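We have chain S; now place chain R onto it with these hints.
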Amino acid sequence: MRILMFGWEFPPHITGGLGTACYGLVKGLAKNGVEVSFVVPKAYGDEDYNVARILSASDIEVNRDSLLIEDFWKRITMMEIGSNLIPYVSPEEFTKIVSQNLHDKTDIQHSIFRTHYQFSGKYGKDLMEEVSRYAVIASILASKNNFDIVHAHDWLTYPAGIAAKSVSGKPLVIHVHATEFDRSGENINQNVFDIERKGMMTADRVICVSNYTRNIVIHRYGINESKVFTVHNAVEFDKDFNQHEWHKSVPEKVVTFLGRVTFQKGPDYFVEAANRVLSKYKNVRFVMAGSGDMLNRMVRRVAELRISEKFHFTGFLKGDDVNRMFMQSDLYVMPSVSEPFGISPLEAMRANVPVIISKQSGVAEVLKHAIKVDFWDIDAMADAIHGIIHYDALSRFFRRMGQEEVLHLKWENAALQVKEIYNSFNA
Amino acid sequence: MKTICFYFQVHQPFRLRRYRFFDIGARHNYFDDYANRTIMRKVADKCYLPTNQLFLDLIKEYGCKFKISYSISGTAIDQFEIYAPDVLDSFKRLAETGCVEFLAETYSHSLSSLKSREEFENQVALHGAKIKQHFNQTPTVFRNTELIYSDKIGEMVSEMGYKAILCEGAKHILGWKSPNYVYTNAINPKLKLLLKNFKLSDDIAFRFSNRAWDEWPLTTEKYVNWLNSIDSKEEIINLFMDYETFGEHQWEETGIFEFMRHLPRRVFSNSDFEFLTPSEAAEKHQPIAPMHVQHPISWADEERDLTAWLGNDLQDDAFDKLYAIREKIKLVNDENLIRDWKYLQTSDHFYYMCTKWFSDGDVHKYFNPYDTPYDAFINFMNILSDFMLRIDEEITRNDLKTLLPIEIKKMIIEYEQKIAELKNITESKTINKKIKPKAIKKKVLAKSTEKSKMVKIEKSGKTKSVKSKIADKNKQKKSINHKNLK
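As you go down the protein sequences, you meet chains S and R in turn. Going by our numbering, 180 is the number at position 180 of the first sequence; the sequence numbering is gapless. Going by our numbering, 1037 is the number at position 37 of the second sequence; the sequence numbering is gapless.
Keep in mind that the hints were calculated from the coordinates and are not lab data. Everything numeric in this text was worked out from a predicted model, so none of it was measured. Incorrect hints may have been included.
[As the list claims (entries may be wrong)] Pairwise CB distance ranges (calculated): (1) S/R276 x R/K1409: 21 to 31 angstroms; (2) R/S1428 x S/R400: 51 to 61 angstroms; (3) R/N1188 x S/N283: 40 to 50 angstroms; (4) S/R297 x R/D1392: 30 to 40 angstroms; (5) S/R297 x R/W1251: 37 to 47 angstroms; (6) S/K410 x R/R1339: 49 to 59 angstroms; (7) R/K1429 x S/G387: 42 to 52 angstroms.
[Claimed, not checked] Here are the simulated lysine-lysine pairs, DSBU-like style, with alpha carbons at most 35 angstroms apart: (8) R/K1321 x S/K248; (9) R/K1152 x R/K1330; (10) S/K280 x R/K1409; (11) S/K282 x R/K1330; (12) R/K1284 x R/K1060; (13) R/K1418 x S/K282.
[Unchecked claim] So the derived list for chain S, only partly shown, Cβ under 8 angstroms to chain R, looks like this: (14) N215; (15) V250; (16) N283; (17) R300; (18) A303; (19) E304; (20) R306; (21) S308; (22) E309; (23) H312; (24) V322; (25) N323; (26) R324; (27) I421; (28) Y422.
Idealized CB from N, CA, C, for every residue including glycine.
Next comes chain S alone, as it looks inside the complex (with noise of 0.2 angstroms):
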């Protein structure tokens, strides 16, 4: 069974977890025997290097099991397409990022596909146009390569999907991460909703990462839920993970959100679940890892409430420093207004640290182990914060079995109910 993939991220070079979740997918997929095409879109002109890191990345992995390795990478066929399309971007900030070289490419392919799809232009022209040449060049992929099944991650690829089904035929599986609605709440961007609905639309079948996700797309796009299936994410760690080791430095209980601080993270409910546990609590510590919109105006409300001698900002953190992050941290707490999966709480407590998430999230519905509150109740939040920093025995307990439950969410399970998806077609 070969696989035309699109996504626009593959691991180092990723900016959200959907590069990850790419990641984990196709490596879990080629465990099953499937071989997989994975396109990317070139993001920056670095991209060789990225390829190289990736390799690199795979030689460390070599030692554990050599065989399925080389497999994998016999499977995957790296294709790099010039394209400058950013991912977890919205088409806003996109015209401000892109410089003017993106005019200089050729007109002809992206009128082509105009006349096609006939976008209004209104809204973030340029990132639309990227979408439009990354489809274009997709149908061309479609026309050379052989495959059975294309397979399209998150509406930026949905119309390379598209493209590629009505070149060659093949059938048309639509991953959805996450929709329009999780991203803006109800202000939704009204392109990106067309793309996404036409995608699920035209597609002969739809994965979301949780039923959460699910629930949208059928009641929100009004999708046949007969086409819509629900896989869960999993988790792919690093061996070396524990290799660093970072001593806490602070002696208070340190409480922890990292993402990014937009709306849909509900960093708000976060503050004020602080402020109440604070009132109540002297020996805690709040941290506030990541960067983003309402970033200033938590930094204000921290202020505002006078706690911020013990709640902390640490903008945006890469690489190590999430890790050292988790180190330093006694509880993770993911209050999500919308959240279709979250994979940042399986890392918590892949670090052995106890988690508390909203039950507006996907990975609510795969996790046993933690605590989950409505985002909104910041009573039940602060209450269960003060539990598990307070109680020994409940954190104690909670990271033992913490880690034990995230260890059996493995990709090569997801891509297994992948592959039965992908056999559907067959039967």
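Chain R alone, transformed into the frame defined by chain S:
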């Protein structure tokens, strides 16, 4: 004869390095050595050294007919000692001429006058000692951080023995009155007030190189004409400005040095003015009225208030949190901790947290090491959190916790409660006497006396220890003060 009184503010903060959450509890060096050194060297070469030389030349030429005054913050002097001893030497040479007066201020250019009299006095004493050490002068005139002044601050300064203080001639305070007279503090008329003539000061400090200004270019001729055009009864023009005006805010290319070099000659030949230092000016001129300043004013921004340093939530929280640890600091002897405590109080840290972008953004951005006020706040609070941890550690290590006023109060309350309990017991004893039958009475009596005896012994032992601890504390306080004065 009328008076021109030149005063220059010389200040450099110890800028903080990027201090992240991970550093809390792990690293305790807070200051950006590189930035502090490079900025000090840059300003030294562009401003301090050439301007000092200019004034030395002028004093050589005119003798003590030409006079100026400085207030140099303790943190600036510390930085001279570390990074620019040549600058310190040239200030010393200026001091040796006898034509230069050095004013008193807080050691770290802090806002302590708004928070704690004790801390304020302590810092002023430290600064005075530093000035005496380097320039062999004992300041008699006070200049508070950024000319922050109110009736209360004036009263405090006067009680500390200063005979005059420098303030802003803020329009909203003066109203129709002129800054060109000497005024007095509203509470204590002994303290004289020298008010900045902000129009004539800012002509030099801010507008000198502004080509859009219709008076550009400013010549000494024009400027002395303006000086001459003040009301014939008016007595004094106070020209107060940042020392960095020369060569730094106004580059050398603008001609600012030439302007200053020729100004005295023009004043001597074409006007009825003489140059005096602040203490001489305060001595010479009779105050004409008290000036009422209920709410603190400063020389900053259009508003001439405190909002550059305090007022938004970021600033207020950081400021309150910083001064909340003062009681603990008083118990600590560690040199590094006391130095950090001084440097963290520098007003600039709060200035960087100012969110009034729009009207005065330019000045606020000057030398501001942070991209946003939020960055400034986060960084400062991370450092303060670490500092608080260190203070607490030091206190537990030396077993000083019981000496904290809060702890002592707690103890007093505890013992008062115990005393009340004991009183209850003795009272209930007398009641028992009346009501209870004899047999039981005896029993109770025996029990209660036994109890009260025990408690009494305990009590007397503890009260004694409390007293001795308080005595220890006083001793220690004295020794701290003594040390600081040194």
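ask   = Going through the earlier hints one by one, which of them does the structure break, listed in rising order?
value = When the structure is compared with the hints, numbers 14, 16, 24, 25, 27, 28 turn out to be violated.
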